[in-house]
Amino acid sequence: MRSSGQTTGTRASTGLKVAAAAGLAFLHLPLLLIFLYAFTTEEKSYQFPPPGLTFKWFAVAWARDDIWAAISLSAQVAAVSTLIAMLLGTLAAGAVARSRFFGRETVSLLIILPIALPGIITGIALRSAFSLAEIPFSFWTIVLGHATFCVVVVYNNAVARLRRASGSLIEASMDLGADGFQTFRLVILPNLATALLAGGMLAFALSFDEVIVTTFTAGQQSTLPIWMLTELVRPRQRPVTNVVAVFVIAVTFIPILAAYYLTREGQHSGGEGK
Amino acid sequence: MADAALTSNAVERGGGGLRRFSDVLVTRPRLLLLILLAPPLVWLGVVYLGSLFALLLQSFFSIDEFSGLIQHEFTLKTYGELLQPANLDIILRTVTMAACVTLASAAIAFPIAYYAARYARGRWKALFYLAVMLPLWSSYLVRVYSWKLILAKEGILNWVFAELHLTWLLDVLLALPVIGGPSLSISYIGTFLVFLYIWLPFMILPIQASLERVPGSLIEASGDLGATPRQAFATVILPLALPGIVAGSIFTFSLTLGDYIIPQIVGSSRLFIGQAVYTHQGTAGNIPLAAAFTVVPIVIMGFYLWGAKKLGAFNAL
Amino acid sequence: MPLDRAGGEGAAVTSDSAVTSEPTAAAVAVRFQKVARHFGEVRAVDAVDLAIRAGEFFALLGPSGSGKTTCLRLVAGFEQPDAGHIEIFGETVEGVPAYRRNVNTVFQDYALFPHMTVLDNVAYALRIRGLGKAERHDKARRALALVRLEGYDDRRPVQLSGGQRQRVALARALVGEPKVLLLDEPLGALDLKLREQMQVELKELQQRLGITFVFVTHDQGEALSMSDRLAVFNEGRIMQVGTPEEIYDAPRNRFVAGFVGSSNVLEPQVADALCGTRGLCSLRPERVRLLAPGEAAAPEEVVAEGRVTSLQFHGATRRLAVALPATTLTGTTLHVTLSSALGLPPQAGATVRLAWPRSAMHAMDDV
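Chains as they are written, first to last, in my numbering: chain A, 6 to 279; chain B, 149 to 465; chain C, 24 to 390.
Bound conformation, chain A alone (with noise of 0.2 Å):
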């Protein structure tokens, strides 16, 4: 005897319909007014509706030293770390995803970690850290953390194409008298390409988007994103500012969309738990 209503798998109530939309859209909205803000002609405050738009401040953005400064910086820390993670997160992905040993699971854990924990856990215990083996800070604390934090993001993916990838082809290989470096290069780097591809573009996005730990290693030195936490306490010129996010966001965003469609075939990529 079913109860009346109850139509389970084909419509859902309006009110459900009407929860959800509106969910989705205030998750969406605030990133809209961010490009709107970067029109606007009004500078020193958010009034809303906008006086007026312009193209001005890009130009003005543009030619800002500082924003320069932060945006190199910031690449080049990207650039570094993801280098260091995709090579330990490889190693690591090649270690775990095939054999099974004693710890594995506490291998993965590890790994896992730096980012699992709330970012001022790591920011101040890498501080910490500094602090007590007087490292003073550089271009190499900041890509220390980011580095580590970024292992993980890589190291999912590589995990995720192993375990997929049927594990007789590497013995098929070696049947057929290739050694282990003929193996990885003819056989096992091909069908893993695309997924280190995704792993290390998405562990760009997140290094050159990393705030929370970043203040802690950064020292005097200035990320990108740094930057913007500098506007946001003491604002200069807002619309700059808003020109700068839409162009974080352009940068996070494009790599890590990118980074889903490589590696869309049924897995979903590393790019939760930021």
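Quick caveat, the hints were computed from the structure, so don't treat them as lab data. All clues given are correct.
Sample of chain C residues with no beta-carbon within 12 Å of chain B, all distances over it, derived:
hint, residue
1, Gln131
2, Tyr175
3, Glu309
4, Asp389
Simulated restraints, written as ranges between beta carbons of each label pair:
hint, chain 1, residue 1, chain 2, residue 2, range
5, C, Gln230, B, Ser365, 51 to 59 Å
6, A, Phe107, C, Ala212, 29 to 37 Å
7, A, Thr199, B, Gly163, 31 to 39 Å
8, B, Arg178, C, Ala212, 30 to 38 Å
9, B, Val447, C, Gly88, 47 to 55 Å
Not everything, but these chain C residues come out facing chain B in the computed CB check (under 10 Å):
hint, residue
10, Ala52
11, Glu110
12, Gly113
13, Glu114
14, Thr115
15, Val116
16, Pro120
17, Tyr122
18, Arg123
19, Pro201
20, Lys202
Ideal Cβ placement from N, Cα and C applies to all residues, glycine included.
We have chain A already, so just place chains B and C on it with the hints.
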């Protein structure tokens, strides 16, 4: 035929250096494993675990008030400082906010997750996934910043209220003790809204995942056995979605406990734990106190996880 | 007529190792001596002795987990033995990695490289050896012609059907002219018609090439129809080695009798009561015939009387279960397979008289 088979080799001998190195690795899988695992483990062990250890160690040191230098001697004095009323206030404030954010985000996330899990099919499902992940993937700082725009006195939210002639409602809200303030962007209400916005995807995804694991046939069965939709919801769906809700709550709770940026950008000048940590390790260089403050959320989350496990929230996983 | 022990070419039968027919004239392609392989507590392969002759089509038959696949992998080089000695054409291969062995495998899931075309897949072994592109592509095409898959050179594996992939896997394994070809349940994923077709083709291919084929299967029909000799595995040990006829007609123990075809297993007391024979015996259901009322049995036949408890029609045959009622034989059911062409079967519950030649009963080890 037999002779021909015997003359050429069944086994290849010799070969170049690389091939022979491969022999070693292939016949000794443990060695290969070691080579693969050593670099990442050494890095993570030294850099990450080492840092965590340094954090713990620092929390047991103290700072000398006069010289401003850190005394590398074991003491509980720094933890004692946490018990000062001002610091206890900070902790209490943060925990309360975390709890409120968790509850509210669970309430808002549930309909979205429910719809996505039960009614979205095929293309819509992928679209939903993207729609939830997109904000997550875009810059955290940018998203926080967007709320500063929204909540500003002259910003869009005030404008909407003004257009709807509901400014009086806003004033009432802002006049509320404790959570109110001079404007939305300088009040707990504002901070709450931003936290809610930022952590929402972290709550939606686990709930959706656990709801997807509920087979439709269970709900039909409960209906078949005479339950009303409300009863089915309360007795079948909600308990099965609970692991997802708990997982999401772990994210929202711990992330709120540790955040120092959101309260700084949207909020009153009263500090949260994260800000306390940030401030103390900054110019003051009082790393021990910062470390001690950081241990608090760790301990709280430890209890939270333990409690959740005890209540069997992870059993369905 | 005296009952035979399960034969072969006359070799010692020890209590815990299988019958090994020692080849005399032909070369031994693969030799196992007391080979063992453990996985923790599990003894996947337990003191196995085996000698596969050059040029023969040899099947490793057994249920899952019996160790047959592990033995194949030991030959291929994907596993190393924990104990014992393995030789391939007289050369020791313990400690030798798979890529140094001139032995190739056709995998159960074919394991074709998804990122390479069919031609590149087949030419892979030659590429590793350093052959030039023109030469290796030429040889690859010839290998594909051998397995009757021309014209698919530039396709990717994902675009092929199961049967086509299997041929590619076969061509890929053969192109390097291996000394031994290993096949790991290669026909399992194919549908019935395709499987039967491939059985014939594989047999023809092997006879044409003269390469030693070692073939793992759990399908006893397949093993019986394709192999020159086979080994029956159970729980890591070889139960019996012999030609298909030997295995079928003269199973060595209960397991082989039950696994290969179906058989009546006559306990010692039952055999004794029926015809005075000592020991455990097997009797194939199709060797039993129904005596017409009043018909006398031949002098070399054993007779028994019983009641039909069940009757099943199986198209070409009918299967009867007959309960033997005499006091010492209570509880024994004899299975009888009759050709459907023999006319109307008895009804269930009817009393029948059965007869079979004494020589059809084979003595088995009571293990």
